[in-house]
Amino acid sequence: SQQGEEDPQALSIQEGENATMNCSYKTSINNLQWYRQNSGRGLVHLILIRSNEREKHSGRLRVTLDTSKKSSSLLITASRAADTASYFCATGGGSEKLVFGKGTKLTVNP
Amino acid sequence: EADIYQTPRYLVIGTGKKITLECSQTMGHDKMYWYQQDPGMELHLIHYSYGVNSTEKGDLSSESTVSRIRTEHFPLTLESARPSHTSQYLCASSESTQSPLHFGNGTRLTVT
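The listed protein sequences derive, respectively, from chains A and B. Under the working numbering, the first residue of the first sequence carries the number 408, and numbering increases by one thereafter. Under the working numbering, the first residue of the second sequence carries the number -3, and numbering increases by one thereafter.
No lab work stands behind these hints, which were simulated from the structure alone. Bear in mind the structure is a predicted one, so any value in this text is a computation, not a measurement. Do not take every clue at face value.
To be verified - Here chain B is said to cover these stretches of chain A; the calculated rule only asks that three of the stretch's residues, wherever they fall, bring their Cβ under 8 angstroms from a Cβ of chain B: (1) 430 to 443; (2) 450 to 463; (3) 466 to 478.
Glycine included, C-beta positions come from ideal geometry on N, C-alpha and C.
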């Protein structure tokens, strides 16, 4: 059964702007992970945030987690054309297997 | 990029053929996974393994089978391919069930 669900499904912005993607989930989790997928490639892990953490940074990425609302957001600051990709959240819980959402397709226009 | 390799990268075959998709990792990970992903869609877990001689079916029913005879190798086999099997197949591995996954670049399968 699907756990994480990203919003929006697609996002188009100009280079230099910030991009924000959201992920909602349904059951309790141990951690939430964000991945990037370039067209026709495998997924690349970006960041993992544990259920007892509220915010995490990695370079231009900022992830927040609100367990009371069962939601997370991924912010990419000062976006670049190379950030064009699909972004997936994945939740890990008691089932032990990660469950992926449908992803947000981000297009950064030069 | 991750040290996990999938071959072939692209495969076009006719209906009824038997195929094996290869997946190997050099990280010594016990946990390995196969996902199926249609273009622009979410990933569906079809098989996973937590170690040698251990394989389980995933959340999405699949007619494929897997084996795990060696830690580094997790091949997926379709005995008789059908057009409905056309999809991208992604292999992944992880150190533990809560660790980040390392993905291969996938095999894009087309069955005519």
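Practice prompt. Would you check chain B against the stretch 450 to 463 of chain A, counting CB to CB pairs closer than 8 angstroms, and say if three or more residues qualify?
Written response: With 4 residues closer than 8 angstroms to chain B, the stretch 450 to 463 of chain A meets the three-residue bar; holds.
Item to complete: Confirm or reject the coverage of the stretch 466 to 478 of chain A by chain B under the rule of 3 or more residues with a beta carbon closer than 8 angstroms to the chain's beta carbons.
Response: violated (count 0)
Discussion item. Using a Cβ cutoff of 8 angstroms, are there at least 3 residues of the stretch 430 to 443 of chain A near chain B, or does the coverage claim fail?
Written reply: holds (count 4)
Checked against the numbered hints given earlier, this structure breaks only hint 3.
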